[in-house]
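Student: The lines below spell out each chain.
Number of protein chains: 2
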Amino acid sequence: MAVTRRVKLIVEYDGTNYAGWQRQINAMSVQQKLEEAISKLTKTNVTVTGSSRTDAGVHAMGQTVHFDTASGIPDEKFSYALNTMLPVDIRVRRSMPAEADFHARFQAKGKIYRYLIHNTPHASAIWRNHRAHVMYELDVEKMNREVQAMTGTHDFAPFAASGSIVKDTVRTIYDARVVRRGDMVMLLVHGNGFLYNMVRILAGTLISVGTGKLEEGAIARALASLSRLDLGVTAPAHGLTLMRVFYAYDEHEAGEYFEKLIRDGE
Amino acid sequence: MAVTRRVKLIVEYDGTNYAGWQRQINAMSVQQKLEEAISKLTKTNVTVTGSSRTDAGVHAMGQTVHFDTASGIPDEKFSYALNTMLPVDIRVRRSMPAEADFHARFQAKGKIYRYLIHNTPHASAIWRNHRAHVMYELDVEKMNREVQAMTGTHDFAPFAASGSIVKDTVRTIYDARVVRRGDMVMLLVHGNGFLYNMVRILAGTLISVGTGKLEEGAIARALASLSRLDLGVTAPAHGLTLMRVFYAYDEHEAGEYFEKLIRDGE
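Note that the protein sequences, when read in sequence, are chains A and B. If you read the first sequence in the numbering used here, its first letter stands for residue 1, the second for the next number, and so on. If you read the second sequence in the numbering used here, its first letter stands for residue 1, the second for the next number, and so on.
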């Protein structure tokens, strides 16, 4: 009998047409599509584990996934085989061998999220599913000053969606920046972990600071008061993309990738 | 009775779900959606004229349109009113008064087109409708050298799709460039006019030169031989976007916009 081994995938998806990453009843998830494709390919029932349970409408360039298989397909070939079976809005960017104890979710040591805003008087036709629309001109320098309060180790409880049941709300943010390129405003955040809705609440807060609706210093005030009320509303899901998940940490590599994102946007 | 006047619109659309700009039987066009919205809004049957008859799948950030109306709606308010009625993949970016003899198509003095390529081993989920996928690594410097042969005034007959009935195939290209940003390769072309499929044939030729399938100098050879056979295949429609149409020509403004596109991509 073939020996079971663990395989790791880097998955890109357009979250527009899915109810999110996680499998659920009565709605199509990215996880289900992936499990169906792998199960069909390997002719066994396969369950996959993803690093992040992204919400409905949220995208991923680098969702990291593991699964176990005894299939004869070489690890590196899974990407090619799966891409012939998956819908066009889900692509496996890379497949590779993983250690037997590798865990896509519990071993994640860092993540980079990107939030995109389209800053024009009228909403965009082309970017309607990939950027949140803000019609008032954003002061990006102000937003970038504001977001610096995120860096470091803090209790991010005010950034957790109400109803969240997580106990430990302390996280470390390594880098956070807001830049403009033409009509697009991009927020990038790199941290060791994120609470549920944390990046979207951050984006909503920065938008409010950028339009002047909320006074500068809101993040520092919230981190002191621990009150959700000091922050802005949760920004829409479709502006958010999970860019990369880090396991064995290489700070230099992570920093270089962050700078590449600032430069290239993706 | 109200006096009829001419109104100009700058229209953005995602061409994915349309059979192109031009109205046709048995298929939905951008023109039809726009005419339906304006007719409903002004309670009269309105016909619109666009600067370019973009193909199925081709996008626009700056399609320019004119129509006549006796409506009491102020010219600048049409954008807001129409955007409440149009589907989300068509947006009016601006509306403004036009001279009585302004003609969106016949008075166009220049256009800028953008062609985007996603250059990765696997196709992209997120960019599937907005960038052509090329799996072999593109030599962008080589492509940029090659495209320089386009600039100037030439008989571009070899760049016209077969079956094209246009007589005068002489056009002037002011600027053409290929740049890379991460996985994205961008072609920008600015000229006084374009033959049917010209940018897509150019993109296909540059892709072939960039992968080494076609020898450098293909464009110069084709412009000398006037043979379509010296060029590459027609690249897919969905990589193409009509960025801007110029009327009263301001070379400085056009040049600045071109540089902005090189820098920002949009």
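Treat the hints loosely; a few may be bogus.
[Stated by the list, open to error] Derived pair list, reagent style DSS-like, types lysine-lysine, alpha-carbon separation capped at 25 Å:
| no. | chain 1 | residue 1 | chain 2 | residue 2 |
| --- | --- | --- | --- | --- |
| 1 | A | LYS260 | B | LYS213 |
| 2 | A | LYS109 | A | LYS260 |
| 3 | A | LYS8 | A | LYS142 |
| 4 | B | LYS142 | A | LYS142 |
| 5 | A | LYS260 | B | LYS40 |
[Stated by the list, open to error] Label-pair restraints from in silico Cβ distances:
| no. | chain 1 | residue 1 | chain 2 | residue 2 | range |
| --- | --- | --- | --- | --- | --- |
| 6 | A | GLN148 | B | VAL170 | 54 to 60 Å |
| 7 | A | GLU215 | B | LYS109 | 47 to 53 Å |
| 8 | B | ILE25 | A | ALA161 | 31 to 37 Å |
| 9 | A | GLU215 | B | ASP264 | 29 to 35 Å |
The set of hints was computed from the structure by calculation and includes no laboratory data. For each residue, glycine too, the CB sits at the ideal point set by N, CA and C.
Student: Mind listing which of the numbered hints don't hold for this structure, in increasing order?
Tutor: Hints 1, 3, 4, 5, 8 contradicted; others consistent.
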